[in-house]
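My request is simple: use the sequences and hints to build the entire structure.
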Amino acid sequence: MRYETVIGLEVHIELATESKIFCSCSAKFGGEQNDHVCPACCGMPGMLPIVNKHVVDLGMAAGMMLNCDINRVTTFDKKSYYYPDLPCSYQTTQWFAPVSVNGRVDIETSKGKKSIRIKQIHMEEDAGKLVHDDWTNTSLVDFNRTSVPLIEIVSQPDLSSAEEVIAYLERLRSLLRFAKVSECRMEQGSMRCDVNLSVRPEGSDVLGVRTEMKNMNSLSAIARAIEYETARHIDAIENGTEELVQETRRWDDTKGASFAMRNKETAGDYRYFPDPNVMPIVIDDEWFNTVKSNLPEFPEVKKARYIDELGLAEGDAEHLIQSRAFCDCFEGAYEVCGNAKEAANWLIFDCSKILNQKQQTVDQLNISGKALGELIKLVLDEKVSRANAKKILSAMFEEELDPAEYAKANGFIVSNDTGAMESVIAAVIAADPKSVNDYKNGKEKALMALFGKCMKELKGNCNPQVLREMLLKSIENA
Amino acid sequence: MKLYVSQSSAAAGCVAVDDMILTTDQPTAAGSKMLDGYMSLFGAEVVEKIKAAGYEVGGKVNVGEFSIDMLGETSFYGECADESGKLAGAVAEVVKADGVKACLTLDVNGMPRRAAAIAKTVFLKPTYGTVSRYGTIPVACSGETVGVMANTTANLRDVLEAVIGHDDKDGTSLSDEKCALLKRDSDFKAVKKIAVIKAMTDKVDGAVAADIDAFKAVAEKNGIEVCEIDGSELLAAKAAWNVLMSAELCNNVSRYDGVKYGYRTPNYTNIDELYTNSRTEAFGMLLKSAILYGSQSLLYTEKNRGAYDKSLRVRRVVYDYMAKLFEEYDALLMPVCSKAAYTKADTDSNVTLSFEENVYTAPASITGLPAVVVNGVQLVGKAFSDSALLAVAEICEKEGK
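Chains as they are written, first to last, in the working numbering: chain A, 1 to 478; chain B, 1 to 401.
Be aware that one or more of the hints could be misleading.
To be verified - Take a look, some chain A residues computed to stay more than 12 Å from chain B by CB distance: (1) ASN215; (2) GLU227; (3) GLU342.
Said to hold, decoys possible - Simulated restraints on C-beta separations: (4) A:GLU4 <-> B:GLU356: 50 to 60 Å; (5) B:LYS288 <-> A:LYS214: 41 to 51 Å; (6) B:LYS288 <-> A:GLN156: 18 to 28 Å; (7) A:PRO280 <-> B:SER186: 20 to 30 Å; (8) B:GLY37 <-> A:LYS53: 32 to 42 Å; (9) A:ASP269 <-> B:LYS288: 10 to 20 Å; (10) B:GLY37 <-> A:GLU297: 41 to 51 Å; (11) A:GLN246 <-> B:ASP176: 48 to 58 Å; (12) A:ARG2 <-> B:LYS288: 52 to 62 Å; (13) B:ASP202 <-> A:GLN246: 52 to 62 Å; (14) A:ASN215 <-> B:SER186: 48 to 58 Å.
To be verified - Straight-line C-alpha distance at most 27 Å; calculated DSS-like pairs for lysine-lysine: (15) A:LYS129 <-> B:LYS260; (16) A:LYS79 <-> B:LYS192; (17) B:LYS189 <-> B:LYS324; (18) B:LYS178 <-> A:LYS53; (19) A:LYS28 <-> A:LYS113; (20) A:LYS292 <-> A:LYS353; (21) A:LYS79 <-> B:LYS169; (22) A:LYS456 <-> A:LYS390; (23) B:LYS189 <-> A:LYS79; (24) B:LYS398 <-> A:LYS28; (25) A:LYS53 <-> B:LYS189; (26) B:LYS192 <-> B:LYS398; (27) B:LYS324 <-> A:LYS79; (28) A:LYS445 <-> A:LYS459; (29) B:LYS169 <-> A:LYS28.
Calculated from the structure, these hints are not laboratory results. Remember, it's a predicted structure, so these values are computed and weren't measured experimentally. Yeah, the Cβ is synthetic: ideal placement off N, Cα and C, and Gly gets one too.
Next up, the structure:
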């Protein structure tokens with residue numbers, strides 16, 4: 001018999017806010033243990049939750065990017081369960097009226113295009129972190145992550161393979177990075193994924209027994225886990241190797257296997273109820289429109305525009321839309337220098353190279369498009385040589401600077417002083433008669449050597465075309 | 001009565017706060033072994049406000065465990081009772097005996113109202129949202145309110161005006177403009193017509209009935225019309241409030257798990273035992289009952305959408321019913337409790353007595369409407385009519401008993 005896999009995903013994404021969801025503590029990743037805590041986020045009695053409005057902005061933005069309907073009245077609810085990393089023994093989340101519902105994400109795989117329905121996106125607070133010390137047999141709690149804002153994106157069970165799941169997650173990541181909702185960095189846990197999976201005979205409309213694998217945080221592990229779970233389910237159905245039960249399982253990537261987790265709770269036991277301390281949040285037209293107008297173009301709309309209107313090659317456009325930071329910088333640079341091809345090249349080659357050297361991701365690009373545009377303009381206007389412009393670019397990655405002023409201060413401005421050029425040429429020719437002779441005897445390379453020496457003497461600050469012509473003339477006369 | 005006393009408690013400039021209100025210089029225990037000796041890192045907004053108004057915090061007054069009992073009888077620190085065993089709420093005894101200007105006390109389940117009725121002090125549970133709950137131990141957040149108790153209405157008004165006002169730290173706090181409606185000079189329509197809720201007054205003992213009759217006489221003498229209506233609908237508030245209060249309580253006290261602060265059992269070998277034994281050893285019987293009741297009411301099954309949801313609907317029905325009554329009447333007169341006195345024996349034999357006696361206090365708790373207790377009776381008014389209700393209390397004071 002042939003089987004099909006039915007997969008639904010719950011994706012947790014940490015929002016890119018400065019502060020936590022209900023208090024003003026820093027929401028930054030890392031820090032000394034229990035450094036980003038206050039009486040509110042470590043569950044002391046008497047503190048009341050005050051909703052961080054930026055969290056709602058981002059919850060709405062995520063919903064809009066994923067084609068959701070926005071609930072104009074959205075509420076927070078309490079979810080009760082005991083765990084030492086949950087200081088109040090309840091999590092404030094959204095159960096009855098989540099901020100965004102009924103969305104859609106379009107993906108493309110080797111099997112073609114497909115739409116994945118989004119059931120809902122809700123906002124909630126993260127829990128803390130337990131640190132286990134086997135040596136002293138103790139467990140300690142770090143509350144830094146407690147109350148860091150999250151959204152949970154719940155898909156319908158529309159996915160049917162690891163390839164689709166990866167395509168879906170990559171698409172989510174791209175859209176949400178674009179809208180600056182989150183950096184979606186799986187390695188830092190700012191994007192985590194619960195995989196709900198069941199298997200049924202192909203064509204059946206009855207769902208099989210579902211298992212859930214929690215807190216997956218790498219795409220390759222997710223792919224392996226899905227393949228393993230699918231095989232395990234099919235084996236159980238066909239060969240009766242084990243009885244499938246609805247349960248939560250833990251994926252062990254090193255062992256390449258999933259294991260059942262102790263699970264005493266079912267959904268009904270969370271005892272959700274509306275948080276009486278958080279008034280319903282009413283999203284009026286003004287608020288809605290402000291968030292909507294701040295949304296970026298969708299990546300493929302940008303890509304089409306780059307190709308059709310700005311004349312970029314498809315490969316270049318595709319490269320740029322991998323990152324919102326690149327797009328912003330590209331658009332800013334283009335506006336100043338007016339040359340899309342140049343702007344794209346500087347980003348794709350030169351900036352990428354520097355980021356690589358600094359071991360930074362494309363999203364960490366921190367130079368302004370305006371400055372890059374000004375730098376390109378200096379090159380195009382032949383005021384700074386390309387080689388020197390690259391030096392200026394490196395400096396721009398270290399500090400914010402005005403390229404023209406920096407060029408001036410560092411002697412990078414091309415000089416049109418032909419007198420200075422003539423004396424340098426004369427000196428170089430006089431010092432290297434061998435190369436002059438070689439060139440005269442037909443060795444083209446010798447000219448390059450002489451040209452390079454002149455350029456070096458002039459610190460690159462001359463018009464190469466003019467220098468070449470003057471050099472040739474001097475050689476002829478020599 | 002007082003658990004902790006400040007060094008300088010100059011009576012006239014001194015306001016006491018109950019053990020549900022967090023202070024940074026004195027422990028706050030909510031009357032529970034769980035929080036015995038708990039020192040908060042921050043003080044309640046009301047404490048900051050009374051200090052800013054020039055008052056001293058005169059001490060911490062004992063309450064029952066999380067203040068859901070009758071008259072403080074479930075406190076870890078013992079009840080407040082006279083030699084005959086008659087219970088007195090410590091908050092009222094402090095006001096009467098110590099001569100503090102007033103006492104701020106969190107009205108969760110009517111305890112301060114009962115204490116005021118028995119001790120014949122004046123108490124106001126203000127309109128919900130006019131006094132910040134920031135820094136009060138949370139129990140039933142959707143209905144509890146910091147109230148003010150005093151010997152005289154004038155003192156009560158002074159302290160009330162010091163503590164009302166918007167607070168950014170409390171998401172349910174109303175605007176300064178709304179809060180200002182509670183002030184003396186508010187031109188809120190005076191109370192001209194009062195409805196006595198017969199469904200409640202029928203059930204009280206002779207002494208309480210006498211208080212009600214005396215009040216009626218004073219009111220009528222001062223040109224206030226007093227009518228009688230059945231008002232059985234209001235009796236539904238009790239069951240709904242017990243569910244809502246217990247559900248919120250269950251959730252709010254779940255943070256006391258022995259992990260972070262508060263009582264931790266010495267008897268555990270794993271996390272489940274740590275939770276269970278800490279809570280079993282530190283919580284009293286009434287609180288445990290409320291936790292179980294509240295937890296159960298929040299459970300969802302396929303057939304039953306939960307007692308909690310139904311209670312939310314009853315809350316709305318009660319509110320609408322009262323709003324309709326307020327089209328005709330300016331205030332509703334209800335007893336505060338069915339008897340003029342309770343003993344430890346009463347509460348020992350019926351641990352959850354406060355979940356029955358709150359039939360009189362639940363309508364104002366569940367709706368957040370203001371309630372004044374004066375001369376042993378309770379007047380419930382429409383939202384923001386606090387000052388008008390206090391004006392009636394002033395009339396009673398002027399007339400004496």
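Going down the list of hints, with the structure as the test:
| no. | hint | in the structure |
| --- | --- | --- |
| 1 | ASN215 | holds (19 Å) |
| 2 | GLU227 | holds (34 Å) |
| 3 | GLU342 | holds (51 Å) |
| 4 | A:GLU4 <-> B:GLU356: 50 to 60 Å | holds (59 Å) |
| 5 | B:LYS288 <-> A:LYS214: 41 to 51 Å | violated (33 Å) |
| 6 | B:LYS288 <-> A:GLN156: 18 to 28 Å | violated (42 Å) |
| 7 | A:PRO280 <-> B:SER186: 20 to 30 Å | holds (28 Å) |
| 8 | B:GLY37 <-> A:LYS53: 32 to 42 Å | holds (38 Å) |
| 9 | A:ASP269 <-> B:LYS288: 10 to 20 Å | holds (19 Å) |
| 10 | B:GLY37 <-> A:GLU297: 41 to 51 Å | violated (59 Å) |
| 11 | A:GLN246 <-> B:ASP176: 48 to 58 Å | holds (53 Å) |
| 12 | A:ARG2 <-> B:LYS288: 52 to 62 Å | holds (56 Å) |
| 13 | B:ASP202 <-> A:GLN246: 52 to 62 Å | holds (55 Å) |
| 14 | A:ASN215 <-> B:SER186: 48 to 58 Å | holds (56 Å) |
| 15 | A:LYS129 <-> B:LYS260 | holds (14 Å) |
| 16 | A:LYS79 <-> B:LYS192 | violated (46 Å) |
| 17 | B:LYS189 <-> B:LYS324 | holds (17 Å) |
| 18 | B:LYS178 <-> A:LYS53 | holds (24 Å) |
| 19 | A:LYS28 <-> A:LYS113 | violated (37 Å) |
| 20 | A:LYS292 <-> A:LYS353 | violated (35 Å) |
| 21 | A:LYS79 <-> B:LYS169 | holds (22 Å) |
| 22 | A:LYS456 <-> A:LYS390 | holds (16 Å) |
| 23 | B:LYS189 <-> A:LYS79 | violated (43 Å) |
| 24 | B:LYS398 <-> A:LYS28 | violated (61 Å) |
| 25 | A:LYS53 <-> B:LYS189 | violated (38 Å) |
| 26 | B:LYS192 <-> B:LYS398 | holds (17 Å) |
| 27 | B:LYS324 <-> A:LYS79 | violated (35 Å) |
| 28 | A:LYS445 <-> A:LYS459 | holds (21 Å) |
| 29 | B:LYS169 <-> A:LYS28 | holds (23 Å) |
Figure legend: structure checked against the earlier numbered hints; hints not met, in rising order: 5, 6, 10, 16, 19, 20, 23, 24, 25, 27.
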